[in-house]
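Asker: Based on these hints, arrange chain B on the given structure of chain A.
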Amino acid sequence: MMTNVADPIFVDTNIIVYASWSAAPLHQQARQTLAQAAAAGAPLVISRQVIREFLATLNRPRSSLALPDLIAEVQAFDRNFLIADETAATTAALLALLPQASGMQVHDVNIVATMQVMGIQRLLTNNPNDFTVFEHMITIMPLVVLPTTPEA
Amino acid sequence: MTQTLFEQALATVRQLPPRERARLVAVVVEELAVHPVVDHAQGVQQFDLPVISGGAWSDDIPTNRAELYDDDERC
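The listed protein sequences derive, respectively, from chains A and B.
Just so we're aligned, residue 1 is where the first sequence starts under my numbering, counting upward by one.
Just so we're aligned, residue 1001 is where the second sequence starts under my numbering, counting upward by one.
Since the hints were made in silico from the structure, they are not lab data.
Quick caveat: nothing in here was measured; it's all calculated off a predicted structure.
Treat the hints with caution; some may be incorrect.
What the hints assert, rightly or not - If we take Cβ atoms under 10 Å as the criterion, some of the chain A residues that face chain B in the derived model are:
no., residue
1, I16
2, S20
3, L44
4, A56
5, D69
6, F77
7, R79
8, Q105
9, T132
Beta carbons are placed, not taken as given, at the ideal position from N, Cα and C, and that holds for glycine.
This is chain B alone, in the form it adopts within the complex:
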């Protein structure tokens, strides 16, 4: 059975020792930053997200991650 390019790449990656895998991950991250994964053809044509009705907004509903995670500590 003919392997796809993806399957060949995956098989190659699985042969790499852990150190080389880590190096590959770092290179892939840089590569993806230069050549984006998301292309314009993937955009939705019409935004039709349903709206939830009911309930009531409350000021103690978190609107940022410090509130959501109840954590004011920052790195």
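Just chain A, with the same shape it has in the complex:
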């Protein structure tokens, strides 16, 4: 599927988690990838589902993160991302996609449904295998692990 570097990118929850928190694995890779995409003019898109999942992932005792910090982070999302609302069209797309989504989580299918309704082709995720059923419809962009600088 042909895409352009400036085409919109749907950013999956795992990427947002990595990019938002300095203690997260792949933190630098996620931030660099998002910064490069933004610099190339690609609109970065998330959805209300991603916001809920971000909070559900990090608002737990084991992370030791303060809730006010998480709320402030989410409040900064609308300066950095376009935020897709879920509508009746999203549900209609979800119902249309489910019969072809054998082996997928319904929640993952809803991401593809949101992309379809928004007309977004590209998905940035660190879980590319969760979306392979739909790789004929979308372009899956796995997070690229940066090469480590050899120590002198």
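Answerer: Quick look at chain B alone, frame taken from chain A:
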């Protein structure tokens, strides 16, 4: 008062019976797939998402939806 095109469309949709509304939703989904809503002018010029510091990563923090929803069952 002059109605905008959006307001006229909304008023028309509200007159449709439920079956026709459902049909319209399906058509709109297909239409949006062909003609994207997101245009390039909407992109942010500079990515400046704040970084949360503190805390510690733990291996039981979910990194995919099967872990997040505690659900290995798939459709």
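Asker: For each hint, tell me whether it holds in the structure or not.
Answerer: Hint check results:
1. Because the smallest distance between the Cβ of I16 (chain A) and any Cβ of chain B comes to about 8 Å, under 10 Å, the interface hint for this residue holds.
2. Evaluation of the S20 (chain A) hint against chain B yields a held restraint, the C-beta minimum of about 6 Å falling below 10 Å.
3. The restraint placing L44 (chain A) at the interface with chain B holds, with a minimum CB-CB distance near 7 Å, inside the 10 Å limit.
4. The beta carbon of A56 (chain A) is positioned within 10 Å of a beta carbon in chain B (closest approach about 6 Å), and the interface hint is therefore held.
5. Hint on D69 (chain A) holds. Least Cβ distance to chain B is approximately 5 Å, under the 10 Å limit.
6. Because the smallest distance between the Cβ of F77 (chain A) and any Cβ of chain B comes to about 8 Å, under 10 Å, the interface hint for this residue holds.
7. A distance limit of 10 Å between C-beta atoms decides the matter here; for R79 (chain A) the minimum to chain B is near 7 Å, and the interface restraint holds.
8. Evaluation of the Q105 (chain A) hint against chain B yields a held restraint, the C-beta minimum of about 5 Å falling below 10 Å.
9. Interface hint at T132 (chain A): violated, since its Cβ lies 13 Å from the closest Cβ of chain B, which is beyond the 10 Å cut-off.
Checked against the numbered hints above, the structure breaks only hint 9 and satisfies the rest.
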